[in-house]
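Student: Listed below are the residues making up each chain.
Protein chains: 2
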Amino acid sequence: MNIPSALKLGLTVIAIAIVATAQAPQPIGIPHIGLGDGPFTFDTAEQHKIRVTVVARGLVHPWSLAFLPDGGILVTERPGRLRIIRDGALRPEPLAGIPSVRAVGTAGLFDIVLHPKFAENRLVYFTYTKNGENGKFATTLARGRLGDTGLTEVRDLFSAEWNNLNGGSRIAFGPDGSVYFTISATTGNAAQDPASDYGKILRLRDDGSIPDDNPYVHRAGYKPEIFSMGHRDQLGLTFRPSTNELFSCENGPNGGDKINQILPGRNYGWPLVSFGRTNPGPRVSDAPWKEGFEMPFVVWVPSIAPSGLTFYSGSRFPAWKGNLFVGGMKYGELPGTGRLERVVFNDKLEEIRRESLVTDLKQRIRDVRQGPDGFLYLLTEEEDGALLRIEPAP
Amino acid sequence: MNIPSALKLGLTVIAIAIVATAQAPQPIGIPHIGLGDGPFTFDTAEQHKIRVTVVARGLVHPWSLAFLPDGGILVTERPGRLRIIRDGALRPEPLAGIPSVRAVGTAGLFDIVLHPKFAENRLVYFTYTKNGENGKFATTLARGRLGDTGLTEVRDLFSAEWNNLNGGSRIAFGPDGSVYFTISATTGNAAQDPASDYGKILRLRDDGSIPDDNPYVHRAGYKPEIFSMGHRDQLGLTFRPSTNELFSCENGPNGGDKINQILPGRNYGWPLVSFGRTNPGPRVSDAPWKEGFEMPFVVWVPSIAPSGLTFYSGSRFPAWKGNLFVGGMKYGELPGTGRLERVVFNDKLEEIRRESLVTDLKQRIRDVRQGPDGFLYLLTEEEDGALLRIEPAP
Numbered sequence: 001m002n003i004p005s006a007l008k009l010g011l012t013v014i015a016i017a018i019v020a021t022a023q024a025p026q027p028i029g030i031p032h033i034g035l036g037d038g039p040f041t042f043d044t045a046e047q048h049k050i051r052v053t054v055v056a057r058g059l060v061h062p063w064s065l066a067f068l069p070d071g072g073i074l075v076t077e078r079p080g081r082l083r084i085i086r087d088g089a090l091r092p093e094p095l096a097g098i099p100s101v102r103a104v105g106t107a108g109l110f111d112i113v114l115h116p117k118f119a120e121n122r123l124v125y126f127t128y129t130k131n132g133e134n135g136k137f138a139t140t141l142a143r144g145r146l147g148d149t150g151l152t153e154v155r156d157l158f159s160a161e162w163n164n165l166n167g168g169s170r171i172a173f174g175p176d177g178s179v180y181f182t183i184s185a186t187t188g189n190a191a192q193d194p195a196s197d198y199g200k201i202l203r204l205r206d207d208g209s210i211p212d213d214n215p216y217v218h219r220a221g222y223k224p225e226i227f228s229m230g231h232r233d234q235l236g237l238t239f240r241p242s243t244n245e246l247f248s249c250e251n252g253p254n255g256g257d258k259i260n261q262i263l264p265g266r267n268y269g270w271p272l273v274s275f276g277r278t279n280p281g282p283r284v285s286d287a288p289w290k291e292g293f294e295m296p297f298v299v300w301v302p303s304i305a306p307s308g309l310t311f312y313s314g315s316r317f318p319a320w321k322g323n324l325f326v327g328g329m330k331y332g333e334l335p336g337t338g339r340l341e342r343v344v345f346n347d348k349l350e351e352i353r354r355e356s357l358v359t360d361l362k363q364r365i366r367d368v369r370q371g372p373d374g375f376l377y378l379l380t381e382e383e384d385g386a387l388l389r390i391e392p393a394p
Numbered sequence: 395m396n397i398p399s400a401l402k403l404g405l406t407v408i409a410i411a412i413v414a415t416a417q418a419p420q421p422i423g424i425p426h427i428g429l430g431d432g433p434f435t436f437d438t439a440e441q442h443k444i445r446v447t448v449v450a451r452g453l454v455h456p457w458s459l460a461f462l463p464d465g466g467i468l469v470t471e472r473p474g475r476l477r478i479i480r481d482g483a484l485r486p487e488p489l490a491g492i493p494s495v496r497a498v499g500t501a502g503l504f505d506i507v508l509h510p511k512f513a514e515n516r517l518v519y520f521t522y523t524k525n526g527e528n529g530k531f532a533t534t535l536a537r538g539r540l541g542d543t544g545l546t547e548v549r550d551l552f553s554a555e556w557n558n559l560n561g562g563s564r565i566a567f568g569p570d571g572s573v574y575f576t577i578s579a580t581t582g583n584a585a586q587d588p589a590s591d592y593g594k595i596l597r598l599r600d601d602g603s604i605p606d607d608n609p610y611v612h613r614a615g616y617k618p619e620i621f622s623m624g625h626r627d628q629l630g631l632t633f634r635p636s637t638n639e640l641f642s643c644e645n646g647p648n649g650g651d652k653i654n655q656i657l658p659g660r661n662y663g664w665p666l667v668s669f670g671r672t673n674p675g676p677r678v679s680d681a682p683w684k685e686g687f688e689m690p691f692v693v694w695v696p697s698i699a700p701s702g703l704t705f706y707s708g709s710r711f712p713a714w715k716g717n718l719f720v721g722g723m724k725y726g727e728l729p730g731t732g733r734l735e736r737v738v739f740n741d742k743l744e745e746i747r748r749e750s751l752v753t754d755l756k757q758r759i760r761d762v763r764q765g766p767d768g769f770l771y772l773l774t775e776e777e778d779g780a781l782l783r784i785e786p787a788p
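One line per chain: the protein sequences are E and W, in this order. Every letter in the first sequence is one number past the one before it in the numbering used here, and letter 129, counting from 1, is 129. In short: position in the second sequence from 1, add 394, done, that's the numbering used here.
Hint data in this document are derived by calculation from the structure and do not stem from the laboratory. Every residue gets a Cβ at the ideal spot worked out from N, C-alpha and C, and that includes glycine. This list has only true hints and no planted wrong ones.
From chain E, some residues computed to sit far from chain W (all C-beta separations above 12 angstroms): (1) A96; (2) E133; (3) N166; (4) P175; (5) K223; (6) P241.
List time: in silico EDC-like cross-link candidates among lysine to aspartate or glutamate, alpha-carbon distance up to 20 angstroms: (7) W:K724 x E:D360; (8) W:K724 x E:E46; (9) E:K290 x W:E685; (10) E:K330 x W:D754; (11) E:K290 x W:D680.
Output of the computed footprint for chain E on chain W, the stretches with three or more beta carbons under 8 angstroms from beta carbons of chain E: (12) 692-700; (13) 735-747.
Work out the full structure: start from the sequences and follow the hints.
Tutor: This is the structure:
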């Protein structure tokens with residue numbers, strides 16, 4: 001375990017301001033730990049030694065990645081740039097074609113995924129925060145066609161209503177060819193409003209039109225694009241390869257992070273029920289769960305700020321097959337506490353244990369993906385962010 | 395941050411067997427990290443640099459400690475020995491007077507506390523597992539008078555009914571002079587049985603007799619010593635200095651660890667409601683909480699295996715004043731993941747954030763106490779256990 005090379009003490013102090021309230025406005029400081037050069041090796045349970053390699057660095061708040069059939073890797077940066085890594089090197093120039101995004105706070109450019117028939121149509125889907133008038137903005141799904149220098153024929157497929165709600169968005173293509181994506185609502189009651197897209201998972205055809213078999217498509221007062229409701233800030237969305245079941249991960253405000261198994265037309269309860277507290281301290285709800293809402297699939301109290309979600313289905317890590325991997329950006333609201341969380345299930349998909357990985361790196365983990373090579377890839381959510389690859393080590 | 399000296403890779407592999415079930419019988423291995431020589435320094439939030447010093451080592455599964463007015467420190471070892479540290483050195487010979495204990499699995503010698511008038515009466519209270527006939531045993535509260543070579547006039551004050559339930563026991567003297575102590579029930583339904591002492595907090599006078607004002611003293615079918623019920627394995631018990639409110643920490647089976655604020659005659663729900671799962675995976679209950687049971691004060695999902703509980707009230711760590719400290723023995727059921735957990739509250743005693751401390755030591759933390767010098771003291775729950783002192787570092 002080569003901790004010494006894994007840690008490099010940075011000089012800056014991150015001053016994070018707890019979401020401003022009358023009760024808890026003080027910033028709290030902790031020295032920021034920069035990412036070392038690596039590779040790093042760590043002992044882990046069941047899979048034992050792993051090696052973590054820095055594939056690329058100098059990424060500014062990287063949010064998502066997509067593996068191209070030709071070996072390239074697309075990476076979104078939250079400020080609104082699309083980058084590409086070729087032959088193991090980050091190209092200095094961003095790819096063209098990303099529209100102007102609202103790059104303020106947690107808003108910006110989010111997820112990127114390839115169309116299931118990308119090899120034929122070269123279509124790439126992405127989500128971002130689109131600026132509107134009067135200080136309003138909207139989470140938006142767009143697509144473009146990938147060429148040598150970037151995206152062409154870029155167009156918005158769907159925009160949520162103009163609003164001022166923050167939060168990210170993830171995309172997942174379903175086995176039915178539909179595109180599922182999350183619209184977050186970190187504050188307010190939009191998640192329970194069937195006339196709002198916020199706090200929902202939406203389902204569209206790949207051209208942005210609304211499928212006839214969406215659960216609320218014939219229900220008055222409900223937006224027909226809604227697939228599930230009652231969500232907060234969902235920063236992970238994935239289909240389980242072996243069964244094609246849909247899962248999302250969702251940030252609670254202060255405790256109450258969770259993974260949900262997403263079923264059509266169900267209500268997941270935010271903000272009427274939660275295992276968490278508001279940032280100033282009071283409980284979100286008088287009960288952590290009530291009849292009529294879906295029970296969380298996996299819960300974290302305190303928060304780990306989950307982002308990125310992948311069931312491992314490769315052969316490189318035999319002991320991790322079928323495990324669920326979740327990026328974590330902080331523990332208990334403190335910086336320097338990021339991790340990759342591993343969740344182990346029994347054969348009925350009931351949780352039996354968890355493990356926190358790469359905690360010694362002290363980096364926020366924004367995304368986790370399985371590469372076509374069967375290794376795991378991570379993005380660190382930092383100003384000087386990196387793409388990391390995890391392999392078994394001898 | 396001197397990580398290198400903080401870690402010393404041990405040679406043994408701990409093979410822990412998940413509680414045997416049809417679904418999850420495999421042992422999982424991770425290399426055990428031995429405790430280095432120290433001192434270790436760590437960066438922390440709010441209080442910033444801390445130094446951790448090894449006060450004593452070579453303690454076999456130390457469970458509890460008590461500070462004597464003359465500067466000595468009593469330490470219990472689970473196998474049934476009472477040790478003493480004098481002038482910073484662990485005396486090689488155990489103190490005399492501890493009765494024979496059942497030292498099997500998690501059973502053995504547990505907590506030790508001084509009588510509030512110890513300076514006058516030299517009385518020491520402790521809990522242990524007493525062996526009975528036919529393979530049965532009983533959690534027992536005893537006391538003795540401390541002399542130069544050990545305890546004299548040792549006698550049992552109270553034994554729970556003969557049973558075969560495992561789990562530890564903590565003691566706390568109340569501001570009313572009563573002695574409160576926990577009787578654990580890790581399995582079965584005893585916690586909801588008013589005719590059983592298991593899964594309860596009991597309240598007695600300091601001579602072992604039952605106070606007339608206990609909540610169930612006049613209620614048919616209830617044992618009169620019961621103060622609160624519906625508990626699982628409670629390994630921490632403390633009165634909050636500023637308000638004299640009573641708190642316990644309780645181990646869930648697999649997720650669902652919690653801290654409870656203990657009020658007389660209340661039911662805390664185990665095993666009818668829980669935030670956790672059974673070790674093989676199914677949820678303990680169909681709802682994490684229901685009307686009629688007390689809501690947990692603080693929850694951990696996944697488990698940290700909390701043991702030891704102290705509100706910090708000293709002046710050495712100004713930024714930690716009023717914070718609650720909880721030892722943790724593992725995270726998510728995996729070894730090598732112990733920590734000291736810090737919980738921060740607003741002025742209404744609502745949780746606002748948490749921090750995991752001394753995680754880099756990779757030791758199980760069994761107990762946490764505030765010393766008369768205002769520093770924090772920890773016991774590591776290991777075969778080669780240690781007493782650690784935490785101080786602010788420049």
